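Each chain is listed here by its residues.
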Amino acid sequence: MIDLYSSIILLICIISSSLVIGSRRFGKSLSAYVLLIIALTMLIIDVDDILFASLFFIVNSTIIIAIFVFYFMSRQGIKRIRRIRAKDVVVLLPVALFLPLFSFSKNEETTYNFNNLIFTSELYGKYTYLILTLGITALITIIGIVIITSDKNKKVKDVEEKEDKTDFVNIVDYSTKYEYQDEEESK
Amino acid sequence: MDLLQHNYVFITSSVLFFIGFVGMLKSARSFFNFILSSLIVINSIIINLIAFSKYYDNYEGYVYSLIFMVLFSLIIIVGLIIFKNYNDKFDNIKIHDIDDKK
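Taken in order, these protein sequences are the chains called A and B. The first sequence maps to residues 7 to 193 in my numbering. The second sequence maps to residues 12 to 113 in my numbering.
Hints are supplied without guarantee of correctness; some may be wrong.
As the list claims (entries may be wrong) - Pair by pair, the computed Cβ-Cβ distance ranges are:
#1 B:Tyr70 x A:Tyr11: 21 to 31 Å
#2 B:Val74 x A:Arg30: 34 to 44 Å
#3 A:Leu57 x B:Leu85: 18 to 28 Å
#4 B:Ile88 x A:Ile21: 25 to 35 Å
#5 A:Arg31 x B:Tyr67: 39 to 49 Å
#6 A:Gly28 x B:Asn69: 29 to 39 Å
#7 A:Gly28 x B:Val74: 29 to 39 Å
#8 A:Leu10 x B:Phe21: 14 to 24 Å
#9 A:Ser60 x B:Leu85: 18 to 28 Å
#10 A:Ile71 x B:Val26: 25 to 35 Å
#11 B:Tyr70 x A:Ser29: 32 to 42 Å
#12 A:Ser29 x B:Val26: 38 to 48 Å
Stated by the list, open to error - Not everything, but these chain A residues come out facing chain B in the computed CB check (under 7 Å):
#13 Ser12
#14 Cys19
#15 Ser23
#16 Val26
#17 Ile27
#18 Ser35
#19 Val40
#20 Leu46
#21 Val53
#22 Ile64
#23 Ile69
#24 Ile71
#25 Ala72
#26 Phe76
#27 Tyr77
It is worth saying that the hints were derived from the structure and are not from the lab. Predicted, not measured: the structure shown is a model, and the values here were computed from it. We put the CB at the ideal spot given by N, CA and C, even for glycine.
Model the full assembly from the supplied sequences, consistent with the hints where possible.
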């Protein structure tokens, strides 16, 4: 029997994987892939232990970071870096935050075991993972926004400097031309 | 453990495998879409391994899925490095060059 939770996961997996292969923009496809990984992690939590799910999530997030870095190092990424909007990457983060919390709230026992495993005490309570997830997501969002905006500002500065230099060169050229014309007229 | 409990896992993994395979065939031009599609296929295989190992109460599936995860991630990172070096060697265009062209 497929209950509501499983059907939601199945729907998210199908939609996000279709977005990954269907979208032309890199930002959209990568954020859809992040959503797919989160849905698959929820599925593994539902089937199995949380430890393997966290391993799965860590390995896949490392791959995502590697793809992101190599995309921006390649020529294609440098060309398209202006077209990527911050909202493409950030728009799915609230969903990405909500879905694991939903899955953890479903299975309280795994959350309790995870807290005991990581912090070896009950002082932190069952909201530790909530606070950790919130903090890490906020940090990643801020870093992403700062990187995107700083890169755009740097490019604008480079273009402005080049425009200034070209204006100066043009002025020098015109001045030499006029001097040359003056000399010819005087002769 | 009933097979029907893991039925949706098998459905999900088969659907993901099919979508990833179609994406691999479709994305001939874009290298990164090809990599993301291949990752979808790999993840579907891993989920299938986990579900079957849970169904049979056999931990070999976990071990194999861990080995597959690490191995495929290494292969993909090596592929990315080769792609980056290829781009640098044959088409090395920097930001200043693009600005000059515009």
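Structure versus earlier hints, numbers of those that do not hold, lowest first: Going through the list in order, the structure violates hints 12, 19, 22 and 24 and respects the others.
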